[in-house]
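**Q** Whole structure, please, built from the sequences with the hints as guidance.
2 protein chains.
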Amino acid sequence: MRIAIDAMGGDNAPDEIISGALESIGLLDEDDELILVGPKELVIDNLKLPIKKNKKTPIENNQYTIINNQLSVVDAPDIIGMDEPPIETLRKKVKSSIAVMAKLAKRGRADAVISAGNTGACVAAFQMRMRNLPSVNRPGIAVVFPTFEGPVTICDVGANIACKPINLYQYAVMAGVYSKNLLGIENPKVGLMSIGSEDAKGNEVVKKARELIKSDKNINFVGNIEGRDIFRGVCDVVVCDGFVGNVILKLTEGLVDGLFKAIKHELMAEKLRLAMKFKPVMMRIYKKYDYNEYGGALLLGINGTAMICHGSSKSRTIKNAILASKKYHTEKINDRIIEYLSKTSIRTIDEQAD
Amino acid sequence: MRIAIDAMGGDNAPDEIISGALESIGLLDEDDELILVGPKELVIDNLKLPIKKNKKTPIENNQYTIINNQLSVVDAPDIIGMDEPPIETLRKKVKSSIAVMAKLAKRGRADAVISAGNTGACVAAFQMRMRNLPSVNRPGIAVVFPTFEGPVTICDVGANIACKPINLYQYAVMAGVYSKNLLGIENPKVGLMSIGSEDAKGNEVVKKARELIKSDKNINFVGNIEGRDIFRGVCDVVVCDGFVGNVILKLTEGLVDGLFKAIKHELMAEKLRLAMKFKPVMMRIYKKYDYNEYGGALLLGINGTAMICHGSSKSRTIKNAILASKKYHTEKINDRIIEYLSKTSIRTIDEQAD
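Chains D and F, in that order, give the protein sequences. Under my numbering, residue 355 is the last one in the first sequence; the count climbs by one each step, no gaps. Under my numbering, residue 355 is the last one in the second sequence; the count climbs by one each step, no gaps.
Please note: incorrect hints may appear among the correct ones.
Note that the list lumps identical chains together, so a pair holds whenever it fits in one copy or between two copies.
[Said to hold, decoys possible] With a straight-line cut-off of 30 angstroms between C-alpha atoms, the simulated DSS-like cross-links for lysine-lysine are: (1) Lys209 with Lys165; (2) Lys278 with Lys289; (3) Lys262 with Lys190; (4) Lys280 with Lys262; (5) Lys288 with Lys265; (6) Lys218 with Lys344; (7) Lys344 with Lys215; (8) Lys190 with Lys265; (9) Lys208 with Lys94; (10) Lys315 with Lys265; (11) Lys208 with Lys93; (12) Lys328 with Lys289; (13) Lys104 with Lys327; (14) Lys208 with Lys165.
Keep in mind the hints are simulated off the structure, nothing from the lab.
**A** Rendered as structure tokens:
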């Protein structure tokens, strides 16, 4: 398969992105190809060392600069900043790495696209160019939380901040397929994020979504869940609006950091030796519950494989994202989603109700 | 002042509630009165010990059973369960402790009401009977998060799950007054919960609320904040929709528990001795960042003082809630809110826009 990587995405681009891509090559199949997308000269410049070592010279071929059988560079001189407004910026910067990657995917020249850049721009560009899967109304970003009770997949964490009930139903389906086939969870338990477990709790969208999900007997639905349940092994999949999901994602990040800071502070106040002893324990927890293991978040519902990584991604994250996108593609997750949604009647019900 | 306490609210009622009330009496002024509301015989039965000690006999006086100058019991035989649907249950159980407390407040017989019971029922009953403060469209629940960088007040955490921009603006005002006058934070920094710091980020309600808050030059507005910023000292007040706030509240609770569980597990695997040494550190952190210190959450915008405590409240929480409600009343927080909102023109602007 062909995997396009945004060489300019994230806070550590291009160094860490390129390192991650190079690290992954040895772990891919021989006929897999990586396409680094970014300002040509800058990217090639950053590749210098391995090229010299292999004594190869890049070959120009249309827009591609071919480094070797498994690696090429596609020029994308425009750079989108992490905080630029997505839609306007995409319109202005038509030669940005994100826009170029989306076009590669549209033309069938890339089976997967990966970026640690501006999330909003990624969602907009990928959705616009790659289009949705048949039967999917809106794509959603699915992220895996490594919890004490096992991995929990949360969808959506920011693609769709004005969800309709049908969107939440489809997130339940898509994240369920993902959880089962990529994380190996047989019959994943699905929970709907709300503010109380009773049927009557939640806003109107949540209440309607609850009815839709409940009516699909193929979903192992546990009903409404609350914020605290994410870490209690209550479910394997959490469905929520992109606004709420984004708050959950970032709150978790901030709280873990804040709590470790507080623990460190207390330990230092106690005894330096105790703090030193605690350090490896913290490191082990960080490693065990490290979302970098999963590479990044998947944009589910897109006609292709699209992965969005954290802005602070290091080479290991990018390497894992490449491997995860390969697995997503190989396991034919999209085909499974299409098959599931083509058989359900729930799409029609909601369209009538809306 | 007269403070009514729901003797039947929460998982540890009535024992812990009554203990908390009794503990607080010594810390109140001599002319302060506590009113325990619940099934009369059950409550009096639970009071037995201290009454016998004081050799006093309860005196019946209308619906009041007077225990002593500072303590009375008001009969409320109906009990509302923690998970019962609020509105319907209030309609059916007119003699529940929550309904009776709300009526006491309405008739001016209680200056403050405190419950660790069904939050939805509290919000509905207090709002219905006590009414809103002049100029306040919808009350909001404000909770204080003790963070590493200091206390952060979050409003709303569950009273209003379908916020309009004007509600969010008023939460900014009310939580700001609270933060300044009760927590002693001079010119508190106010942040609006969203999914990115830029103006363009967030749903329509958040975008409009941002304009409203921004236009009030008396608010020290830091703009949009993200989930991670709560624990980073970015602001002293966080404004959000009740649905989002409720998820934040419960997620934080669950994550802290989950993380401590993970740390304990790792420490046990390492060395039992290390785990033993870490225990006092954890206890100190729990104590330092313990929301029980603040007693509970305040229902801001209500014409009176209403405090809603966590369902798992122990006597210490109830005692602190009683002291906090006293401070809220003494500091005339409601008068300050009324004064602020009567001077601002922002109410009118939004009503025209809506």
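**Q** None of the hints should be skipped; say for each whether it holds.
**A** Hints versus structure:
With identical chains, the CA atoms of Lys209 and Lys165 are at most 30 angstroms apart both within one copy (9 angstroms) and between copies (21 angstroms). Both within a single protomer and between protomers do Lys278 and Lys289 lie at most 30 angstroms apart by alpha-carbon distance, with minima of 18 angstroms and 23 angstroms respectively. Proximity of Lys262 to Lys190 under the C-alpha cut-off of 30 angstroms is restricted to the inter-copy arrangement: shortest distance 22 angstroms between copies versus 33 angstroms within a copy. Taking the closest pair of Cα atoms, Lys280 and Lys262 come within 30 angstroms of each other both inside a single copy (12 angstroms) and across two copies (17 angstroms).
Taking the shortest Cα distances, Lys288 and Lys265 sit within 30 angstroms of each other both inside one copy (17 angstroms) and across copies (16 angstroms). Only within a single protomer do Lys218 and Lys344 lie at most 30 angstroms apart by alpha-carbon distance; the minimum there is 12 angstroms, versus 56 angstroms between protomers. For the homomeric pair Lys344 and Lys215, the shortest alpha-carbon distance inside one copy (16 angstroms) is at most 30 angstroms, but the shortest distance between copies (49 angstroms) is not. When the C-alpha separation of Lys190 and Lys265 is checked against a cutoff of 30 angstroms, the pair qualifies only between copies, where the shortest distance is 27 angstroms, while the shortest distance within a copy is 36 angstroms.
When the C-alpha separation of Lys208 and Lys94 is checked against a cutoff of 30 angstroms, the pair qualifies only between copies, where the shortest distance is 25 angstroms, while the shortest distance within a copy is 41 angstroms. Taking identical chains as interchangeable, the C-alpha atoms of Lys315 and Lys265 lie at most 30 angstroms apart whether they share a chain (24 angstroms) or sit on different chains (29 angstroms). Taking the closest pair of Cα atoms, Lys208 and Lys93 come within 30 angstroms of each other only across two copies (24 angstroms); inside a single copy the shortest separation is 40 angstroms, beyond that limit. In this homomeric assembly, Lys328 and Lys289 come within 30 angstroms of each other (Cα to Cα) only inside a single copy, at 21 angstroms, whereas the closest approach across copies is 45 angstroms.
Taking the closest pair of Cα atoms, Lys104 and Lys327 come within 30 angstroms of each other only inside a single copy of the chain (19 angstroms); across copies the shortest separation is 64 angstroms, beyond that limit. Taking the shortest alpha-carbon separations for Lys208 and Lys165, both the intra-copy value of 11 angstroms and the inter-copy value of 19 angstroms come in at or below 30 angstroms.
Of the numbered hints listed earlier, not one is contradicted by the structure.
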